[in-house]
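K.L.:
Take these sequences, add in the hints, and give me the full structure.
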Amino acid sequence: MRTGKSITEKRPRKKLYSEEEIEELEKSLQVSLNPVTPDPEFITDLHRRLYAAPIIVMEARRAEKAYLVIALGLFMGALLFWLIKSLRDRGTTKEESPA
Amino acid sequence: MSDQSSDDTALARAIDGDNEAFSELYQQYVGKIYNYIYYRTGNPADAEDLTAKVFHRALGHIQSYKDRGVPFSAWLYRIAHNLVANWHRDNSRRKEVPLEDHIHLHQEADPPETALVNDQEKEVLLKAISKLPGDRQQLIILKFVEHMSNAEIATIMGRSEGAIKSLYHRTLMSLRGRIAKLNK
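Just so you know, the sequences run in chain order A and B. Taking my numbering, the leading residue of the first sequence gets 1, the next gets one more, and so forth. Taking my numbering, the leading residue of the second sequence gets 1, the next gets one more, and so forth.
Please keep in mind that the hints were generated in silico from the structure rather than gathered at the bench. Among the hints, erroneous ones may be present.
Said to hold, decoys possible - Examples of chain A residues toward chain B, derived with CB under 7 Å: (1) Tyr17; (2) Phe42; (3) Leu46; (4) Met76.
We put the CB at the ideal spot given by N, CA and C, even for glycine.
P.N.:
Structure (structure tokens):
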């Protein structure tokens, strides 16, 4: 049912601030947000660590883990298949044998 | 942003496996990336940890880097932005320590009474910034900490210059509203 009010009337309007207020905010941001200097020891240490720890080892570990999971999955699948097949075969042999 | 041509040369060498070239890029950007992460996390220890992750990831993937016409810095900021987003997601369950608790507010040269007023204003401002959505925080940091132009920010954030101008205006309006609420 129509109430007679337009959609724009229903929505609460966001307050608009004056240019002066926005300029003041920009000034506060300029004053408050200053660049920080990281600890020089951290910079040197990270630089050393970047070349000391080969990233490839981490990637290789991840790949090894993936291969292991795939191999385990295939083994479990094969085992399950063999179990089902052997159970079925046993059932068929029982049915065929004279009572 | 720094000199694009020298960046490109160093980048091309780094892609070819030249560690010294990557080292040049590291020296050039480590401070900027640290600053960005510091203001997004408000915590020097986490800023160091995440900065280290950014450069480890960059070094690990530099040889598969594809030039899509955006500067190398944009790639680094993108990695940093994603890591910060993951950090916020992982920390959402833990109690967050407010930005204003970490960032050094008081400046030595201020007289005590001025310093108190300034510290209170800054505290409110930093609290209001920390409540903004991630992309708006990124815009504010790149503009006021890194002093980047709208065009540079647009490249980093993968948007048009017009979109950045509009987002900047909306961000200021929203920030002003949040500050007014916090001051009530």
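K.L.:
Work down the list of hints and note, for each, if the structure agrees.
P.N.:
Hints, verified against the model:
Hint on Tyr17(A) holds. Least Cβ distance to chain B is approximately 5 Å, under the 7 Å limit. Checking Phe42(A) against chain B by beta carbon gives a least distance of about 5 Å; that is within 7 Å, so the hint holds. The interface hint given for Leu46(A) holds, since its Cβ lies 5 Å from the closest Cβ of chain B, which is under the 7 Å cut-off. Annotation: Met76(A) was flagged as interfacial toward chain B, and the flag is violated, the nearest CB pair being 32 Å apart, outside 7 Å.
In the structure shown, a violation is registered for the earlier hint numbered 4 alone.
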